[in-house]
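Those protein sequences? They're chains A, B and C, same order as listed.
Okay, so the first sequence: first residue is 1 according to UniProt numbering, each after it adds one.
Okay, so the second sequence: first residue is 1 according to UniProt numbering, each after it adds one.
Okay, so the third sequence: first residue is 1 according to UniProt numbering, each after it adds one.
Because the hints were derived from the structure by calculation, they are not lab data.
Do not rely on the hints blindly, as some may be mistaken.
[What the hints assert, rightly or not] Listed below are the simulated PhoX-like cross-link pairs for lysine-lysine, each with C-alpha atoms no more than 20 Å apart in a straight line:
(1) A:K225 with C:K257
(2) B:K283 with A:K93
(3) B:K182 with B:K107
(4) B:K182 with B:K105
(5) A:K225 with C:K252
(6) B:K149 with C:K185
(7) C:K257 with B:K149
(8) B:K27 with A:K93
(9) A:K94 with B:K283
A quick note: this is a predicted structure, and the numbers were derived from the prediction, not measured.
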Amino acid sequence: MSQSAARSVIPGFGITLGFSVLYLSLLFLLPVAGLVLFTFKMTWPEFWAAVSHPQVVASYKLSFLASFIGASINAVFGTLTAWVLVRYTFPGKKIVDALVDLPFALPTAVAGIALVTLYASTGWVGHYLDLFGIRVAYSEIGVVIALTYIGLPFVVRTVQPVLADFEKELEEASAALGASRLTTVRRVILPAILPALLTGYALAFARAVGEYGSVIFISGNMPYKTEITPLLIVAKAEQYDYNGAAAIGVVMLAAAFILLLMINGLQWWASRRG
Amino acid sequence: MSSLAQTQPALAAASLPKATAEPAWVKWTLVTVALTFLTLFLVLPLSVVLYGAFELGVKVWWDAITEPDALAAIRLTLFVLVIVVPLNAIFGIAIAWAIAKFEFKGKTLLISIIDMPFAISPVVVGLIFVILFGSQGWLGPWLSAHDIKIVFAVPGIIIVILFGTLPFVARELIPLMQQQGKEEEEASLTLGASGWKTFWYVTLPNIKWGLIYGVVLCNARAMGEFGAVAIVSGRIRGETNTMPLHIEVLYNEYMFTAAFAVSSLLTGLALVTIVIKSWVEYKDERRHKTA
Amino acid sequence: MKPLINTAKKLALAAIIASGSFAATATTLLNVSYDPTREFYREYNQLFNTHWQAQDNPAATVRQSHGGSGSQARSVIDGLDADVVTLALAYDVDALRKRGELIPENWQSRLPLNSSPYTSTIVLLVRKGNPKNIKDWDDLVRDDVQVITPNPKTSGGARWNYLAAWGYALKKYGSDEKAYEFVEKIYKNVPVLDPAARGATNTFVQRRIGDVFIAWENEAFLAVEQLGRGEYEIIVPSTSILAEPPVTVVDKNVDRKGTRKAAEAYLNFLYSDEAQHLAAKHYYRPAKPEIAKQYLEKFPQVNFFTVDEVFAGWDNAQETHFNDGGRFDAILEAIARARR
């Protein structure tokens, strides 16, 4: 294929690349292309009507806004958690560190049931929030809670290694030049972790937009209000409206693709800076 | 200072000059805020699951997870893992090898495609495969004419989980192998070792920990996949219900204790993988330190 | 790596052998049903097997699949290998014909009583002591009452709820406009719209949301008996809908698999006296009049109307009310507008 590959003494270029591309194509590219082709059966006005119905638009707004808030919460508290885990020692730190991966591993449906058990007005936490008139379960806040939960590991796990590798000398230099601790954090440390933070943020956001299992238990699923886009796709499919479901699915695919392009742009930007 | 920091990190942290550390009250405030956040989002949900599972005693818990349908779900989930994890591991190794050891056109594109399955809604994944393989779908009539079942059977479940966990091993190995370069392999090959020998004795030991880490994450995610499986499984009791689906079934049958019991088992399995992962990281750290 | 792959091979082999030997010794039927029938069919499958084996047949294994009625029908249309379907409403069963050509046009007249061996109706479940003093459908439109019912777009059961309220209002107030207003007011009082019926029960029972839960009679009984004795009361409205969950053999599948004989016997036996009594035990109204007579005390008399009488059949009801752009969508839009 390319010249350096042909010249290299290392074998296996053809077989590894061939296998990878075949595997990706069969499992991923062809099926996704199939979905896109499927929507070509619809005329453009049909497609547009399906993806721009006010109820669908309301669900985009909720899904994207709640994902945005959830990812933002994770950006703040995830960075803080990463900082605490890297810089400080405190009892139980190892356990806390291990727990961060829990949302990856716990099935989303179980997470949804556990969260609603906690945050419903009959639950351990919701009970107290209820005293202040705050309703978490079956409201937009519930959606944000679920999406914060499932995106939690991303920011922590992208920022943590960068913080761990960060050279203390830079901080020392900054301090020696007379900068206050806060200035050092803001001017020296934050810019260094920013690319990783943005990557984690984008991953958490992308994952949240598509999330289904944990949200449906806690959101209340009121159309125009707390109904997320993935639920609408399921609802369309269950009314035998595969065209409508596929059309909204394609919109979500496009959103995912744009998000990933942004992530790669960020990584490229980060590597150029570094 | 820096050499001290490398050999004795704990001590070094304690004796850092004041200028690069925060006052104790700042430290403990930050720790408290972080721990409160993690308690609300991680510890409490976990406690709900464990409390619900053991509320009525260990015997009830044991009965719930040894009931035939639960056992069938556990068997199915493990069976799926045994197929999904090695396949995605082989894919991860192959693609990392191609990307790290060779230069070719479209490499960047290939790398960015790998992340895609991660950002696609599980619901859309399920829909895609029903549209492709369902009897109303494109390949459906051909498949049913040849008596091949994909959706609403185990192969469909395996395919959607393969899709969802595709990036995990690859994502771990690509940066690792890129960073390691190809000098060691080239040396081994020049000395006359075969390609396979070089892979087994030179490459594999180098990427061992990254591989295990990727496998563990892939494993954890594959066990818990719900949204996509729910669409392609057909929910046949004792046959195409994976553990997450079985939990939903139990919950819908008002068998809350049993639902939480199976959840706790799944959580337990997940925690085991997390412990393995932490152990891997710890080993890796030590290896780096001594190296 | 190697031992792992070997283990994998062994496991795969074992699974293939296990599934293969299973199929060879017994007839296996797959009954694709909706959520609230789990408890009934679990017991019925044993009853049927006893009867089936007594007629010198090899044991029949009946596998069950439960979920929302619409999603179950979708799975069968897309290739889930059901021998029989036992769903919540004729519309979902009819979809098997319209979209998959899996059953013939006359499917509903192949078995007695509209192919519905058991029936039910829609009742109101309230909390202990009936604190909001709910007597009939009219109380559901009051401002101080919160109503729990699932989303009729995704839940078959919820479509019965909706049509029951509509039919009541139509009879009482005389016009479609009035009925529309009435149903809109009910949905204004709905704080949580679960995708499926069982989820709605959990919302009402576990999360204690809402004052009244619109439910199938059998689900209401089950909640009273299983989820908290004495915690809930069933209010039977003056007028309600006769819910007829139909059953049918899936012709295309049984003919391919050669299971027609067993599948037909399975459904026919639902009309036996034993099965009818079993249905009553699980709070379904036996469809056979002579058995139903014995349960007058358990199932109070209601002024029934049917979908055919009031809505001119399911196709019409679906098109007018539940399809995109139908009445239910209009209600949702109106509520969303009012909220802004």
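### Task
Give me the numbers of the hints this structure contradicts, sorted from smallest to largest.
Structure breaks hints 1, 5, 6.
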